[in-house]
Amino acid sequence: MIVRDRPSGIRLFFVVRGSILKRIRLTLLVNTLSAILVTLLHGNFFALKITLTTIPFTLIGLPLAIFLGFRNSTAYDRYWEGRKLWGELVLRCRSLSRQCQSFIQPPAEFNGQATDIEAARRRMIYRAIGFVHALRLQLRDRSDCGELNRWAPEAEWPRLQTASSKHDALMLELGKELGQCQRKGWIEPCLAASIDTTLSAMTAAAAACERIKGTPIPFSYTLLLHRTAYLYCFLLPFGLVDTIGFMTPFVVAIVAYTFFGLDALGDEIEEPFGLEANDLPLDTLCRAIEVNLLDSLGEPVLHPSLAPVNHCLT
Amino acid sequence: MIVRDRPSGIRLFFVVRGSILKRIRLTLLVNTLSAILVTLLHGNFFALKITLTTIPFTLIGLPLAIFLGFRNSTAYDRYWEGRKLWGELVLRCRSLSRQCQSFIQPPAEFNGQATDIEAARRRMIYRAIGFVHALRLQLRDRSDCGELNRWAPEAEWPRLQTASSKHDALMLELGKELGQCQRKGWIEPCLAASIDTTLSAMTAAAAACERIKGTPIPFSYTLLLHRTAYLYCFLLPFGLVDTIGFMTPFVVAIVAYTFFGLDALGDEIEEPFGLEANDLPLDTLCRAIEVNLLDSLGEPVLHPSLAPVNHCLT
Amino acid sequence: MIVRDRPSGIRLFFVVRGSILKRIRLTLLVNTLSAILVTLLHGNFFALKITLTTIPFTLIGLPLAIFLGFRNSTAYDRYWEGRKLWGELVLRCRSLSRQCQSFIQPPAEFNGQATDIEAARRRMIYRAIGFVHALRLQLRDRSDCGELNRWAPEAEWPRLQTASSKHDALMLELGKELGQCQRKGWIEPCLAASIDTTLSAMTAAAAACERIKGTPIPFSYTLLLHRTAYLYCFLLPFGLVDTIGFMTPFVVAIVAYTFFGLDALGDEIEEPFGLEANDLPLDTLCRAIEVNLLDSLGEPVLHPSLAPVNHCLT
Amino acid sequence: MIVRDRPSGIRLFFVVRGSILKRIRLTLLVNTLSAILVTLLHGNFFALKITLTTIPFTLIGLPLAIFLGFRNSTAYDRYWEGRKLWGELVLRCRSLSRQCQSFIQPPAEFNGQATDIEAARRRMIYRAIGFVHALRLQLRDRSDCGELNRWAPEAEWPRLQTASSKHDALMLELGKELGQCQRKGWIEPCLAASIDTTLSAMTAAAAACERIKGTPIPFSYTLLLHRTAYLYCFLLPFGLVDTIGFMTPFVVAIVAYTFFGLDALGDEIEEPFGLEANDLPLDTLCRAIEVNLLDSLGEPVLHPSLAPVNHCLT
Amino acid sequence: MIVRDRPSGIRLFFVVRGSILKRIRLTLLVNTLSAILVTLLHGNFFALKITLTTIPFTLIGLPLAIFLGFRNSTAYDRYWEGRKLWGELVLRCRSLSRQCQSFIQPPAEFNGQATDIEAARRRMIYRAIGFVHALRLQLRDRSDCGELNRWAPEAEWPRLQTASSKHDALMLELGKELGQCQRKGWIEPCLAASIDTTLSAMTAAAAACERIKGTPIPFSYTLLLHRTAYLYCFLLPFGLVDTIGFMTPFVVAIVAYTFFGLDALGDEIEEPFGLEANDLPLDTLCRAIEVNLLDSLGEPVLHPSLAPVNHCLT
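From first to last, the protein sequence lines are chains A, B, C, D and E. Numbering-wise, the numbering used here puts 480 at position 215 of the first sequence, and it's gapless, one number per residue. Numbering-wise, the numbering used here puts 375 at position 110 of the second sequence, and it's gapless, one number per residue. Numbering-wise, the numbering used here puts 521 at position 256 of the third sequence, and it's gapless, one number per residue. Numbering-wise, the numbering used here puts 358 at position 93 of the fourth sequence, and it's gapless, one number per residue. Numbering-wise, the numbering used here puts 443 at position 178 of the fifth sequence, and it's gapless, one number per residue.
Hints in this document: simulated from the structure, not taken from any laboratory. Predicted model only: the values in this text are computed from it and were never measured. Hints are not guaranteed to be accurate.
[To be verified] Restricting the straight-line Cα-Cα distance to at most 30 Å, the calculated cross-link-like pairs of lysine-lysine (BS3-like) are:
no. : chain 1 : residue 1 : chain 2 : residue 2
1   : B       : Lys314    : A       : Lys441
2   : A       : Lys441    : E       : Lys287
3   : B       : Lys478    : A       : Lys349
4   : C       : Lys478    : E       : Lys441
5   : C       : Lys449    : B       : Lys478
[Said to hold, decoys possible] Pairwise CB distance ranges, derived in the manner of DEER restraints:
no. : chain 1 : residue 1 : chain 2 : residue 2 : range
6   : E       : Lys441    : C       : Leu571    : 35 to 41 Å
7   : A       : Glu541    : B       : Lys287    : 31 to 37 Å
8   : C       : Asn575    : D       : Leu567    : 49 to 55 Å
9   : D       : Trp422    : E       : Arg271    : 37 to 43 Å
[What the hints assert, rightly or not] To list a few chain B residues with every Cβ distance to chain A over 10 Å, as calculated:
no. : residue
10  : Leu329
11  : Lys349
12  : Glu353
13  : Thr380
14  : Trp422
15  : Glu564
16  : Ala572
The C-beta atom is built at its ideal place from N, Cα and C for all residues, glycine as well.
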């Protein structure tokens, strides 16, 4: 995610990082060159004069606008939903920590070890940290999960390594520990139900992230949109050359820049969990949760929060 | 559901699978042929010269754009809501499994068989697997429900076979088993209420799927939209022929492709539970739930997860 | 609600049922006749030549498009919210039945009549069936509520007949019965709270239906929209006649058809609980709930589910 | 709120009540007069011929359309959210009444006065009626709250009169009474939690109403929109006079009517709790709640429900 | 936030406060000057006559409109979500106060000090006041948190000063106090779960505010939009000068005013927690919560509610 103030005036045109130009430069170049060619030939295709006028472009522009607008807001909705889900994870983790520390406590008459309770609490919160890290690794298709080692109890580690969905396995153990606490009388059933609600909300956020990752915008939309946009931009010189003459390639370049740019932006935003410049900073968010929960446990923080590198958070 | 990266550049025009062209080729062909005819006759209808200019198309284009945009986003909303509901089913099943294993346990003083409890838990989770399979079969209008046999206890099978709504019947039994567990003291009432919330959420997701399947976009919309689109595209040659001459059929073909394409896409997306290329992969989702829940029970998985065949998940 | 597949090609133009043409035929006829008149007079109004060109129509078209689009999606939102609310009623009734059968049961040490409990449960579910029927009757302004007799206990019937809001009165009794069950120890308080949540959700759905029925889209919108649309369509011939000559009435008819059609569709969809062709099939939904709940009680079903008559569900 | 069927055909143009014309007649008049002046001068401003053509209006029309559309749906969203919130209040009041009567009851072994419990229940429901009345008075900036006297217990009345937020003070007392009932054993804690959820929902609805009342659409939007609309409409004659001649004032009047009308409608709908013709009928809603709750208590109704006066509910 | 009635008629053009003109005056000036230059040179660039006609602007206008509309509603959604979240904080604080006073009470047989309970209750509500103040300070990047001193108990103050997230630390302590109350028997577990729900909702609102603050609209959108808008407005004179002559700079100024104005408004609304004229009045909201909660405790109010200064709330 790019974090910077908006450059003003003329400097706007020299920002490279975060610009969509890089993605579309090839298409744009080919399009502009073909426009130059059409202009030089005055719209003649061998002996044939091709007259299109701008009327077809006004007519096709209509459905194309519907497409672009629809796709654009759909892609952004996916991005923003992804961000909301990670916000949900942040807050549910905080609530979990608060609930564990408030409600899992030695009861009035208790003749066991208070440290046992504390250890259980700590294990639960550690698993929550592991949960978000595991989710991040899965969303980014990374199979190296050595860093999860720290957050799972020794005994559960081997089983965790073989689990297909690691965050799910951690959640299952978290729930079991909660059940044990309740049966040992360390927490009231009603309050255990409150914590269980928090766990369900974390499961829900994780499943929704997987849904976004696993379900693209229907492929036919992408296809229909790209085809129409390509036809539009590559035919445009024939429509303009008779009216605006040698300015044709210039205008075609601007129109193509906005159309292809909007389209490419949609492509980038659509999958918000990747590692591209405009994607969500999952590393930063996971680190923030880690710092938060360790803080709330009163334990020393291992790694500091992440800061933007070259205006960019990963 | 089609799962593939976007082809780039010129290859875009040669993708067939997932293209909407197949659905609209007949209409498109007739439309283009009639445009060729009009062009050859220079817009004369017998002795009568029909002059339309492009003005009417700009005027009609306005309400047509409203229609197409509205219908398009409505259809996609149905698709995405369907996907969300199945995501909800995935996560509620996971939560159910976690809750059963955390909270349905032998109480402190218990002199019965621990295996009885385990069996009850297992039956509940099996019924949940059966629930999603039964819902899938119903949404796809399939009456062969032999595969449900595995997930219902022997004793309930005959009754299940005659039930009108199989997933409903399974849910009813699931709830009854939960009630028995509570009365036997295997689970605290507060925590049983938590599980009951999960069951209600599964019922809600199933009912919402049935709502989407059972309530199409009002037929009058479809009718009005199709009529306007047909009139627009079939009259278009008369409006263009005087200005752009022999390019008329070509432009008409492109305009018709986008209009009819958008329209056909809406038709396909509108009913997301079918078996067409752009529909939701219910088989894959059900299998994923099955694998997930068996995994969480520690039981061996029967069938592996489904992978895309020819870029397509069913 | 009209339930049918989309007719294809030319047959599209001969579908009558569900077409909005019937509603707007008079206005359309007057409009077309006036266009013919204008065409014959070549845009002269007595001695005065009225020149409008199409420019004003492009300008007015803009706010008109905003209106139509806004009103269209608002009307559809009301329709779809109505459908969602009835979907909510369906599922809450199912959940209620499940909860009653799971949780209202003889406690461990119970020396009363088990049939008393069963009868209470049955009364509760019967009242829920009565609730949806009463809501339907109220939403459709029908005052004959004899059919509710079957679903209310004998003793409550006289009071129910005089109640201003029958579904409300049934819900109040349902809640009282639940309270009695809880005080008699037939259900745990926590689980009674779960059932109470279901009852509140049913109350909420009913109140929201009443809200949709009772609050139209602000009248000024309707007024402003109709006036602009009428002015637009009746002035249109003056704008077209100089350019497209004898085709004017034809084009005016098409434009008017789409504008008035969209508008009339909005009118019809806006009040989704009526008895028109595109309204929600409340009879069918109520019957489905009835069949569902009787099924879940294991009782014989009185009336079969409703099937579409002439492509139409009521 | 105006409640009437849509007038058809020509009668549409003679409806006055609810028309937005009254609000914008002055601006419209000035605009039309200036258009007449411009037409008479043939677009000359002293010796200077001002040529605008319609091109600038097409260009400015675009951002203006975005503005109007955005503002229109934002204003309507506020209106509809206001209506939903009052619908929420209606249903929560009903649920509260049901819950109080179901769950606040003499326990199994009870040796106090049953009438004490009944009185507490009655006080609670009376305070709920007072709550909605107090909220209405505050939303409409009325400081005469004598009518609240009836709904608060004698002892709380003095304190209520000095409270800054009367509905809040009533809710606080309602909550305290609930707490006392629970401590006296008249209601199970779990079920008290259910009633508390209802109270929180009522607080939420009230706070959301205050939010809508207290936070207008950002002033800069209003400013930018009005300025653009004024410039557009007052410059329009210069753009039209060369093409359509003496019809200019007529067309300007229609265009201005739709633009200013849409704008004024937004203004009216934006603050839904006032007393204008299109505002929400808070009096009617409060009365409905009052009648409902007294009905459910079995008490005689003081005032009948309100009916529309001259098609208008207040 | 600017709070004032809309000025009418001509006065509209002389409002300065709240106008977006101040932000865009430089760009607007440069743009107008360049338009004057182009007009004087009759569109000649040295010896080269640049002919653009308005066609390119109609074509580019389309994607530009999509951009502006999308960005505008996205920015407003952020603003309105921010406002909703603070409304949520207001109501949750009120509910918290009500719940504490209703449910944290001396139990039936209690032989401790009733003032201890009262003090705990008071500490909890004070921490809630501190919570909103701390959140405000963080959202506005202010590091001086001396004013929080008053709301935290003496003993927790040192730890609070070093906490990275002060509102989080206060919430943790609030939760712990609730847990203690429950273990001491001052509140039923079920009702403690209700209060815990309120605390989770406050945590959620705070986290969502941080999300809005921390996640801007993707930078590529801003970049693409600004570039297109600049190109559009600076090329516009070349397109207009041949048709409308000396009116060109005037029209360019109006078009640029609306485009840049809409864009700048988006920039301002997008970050709703700042201190600019159109931002949310966090000071006022915090003060309102403070007054509310102290009122409900029956304590004297320290500072009066804030009133608008020069039509502006901070």
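Numbers of unmet hints, in rising order: 1, 2, 4, 5, 6, 10, 11, 12
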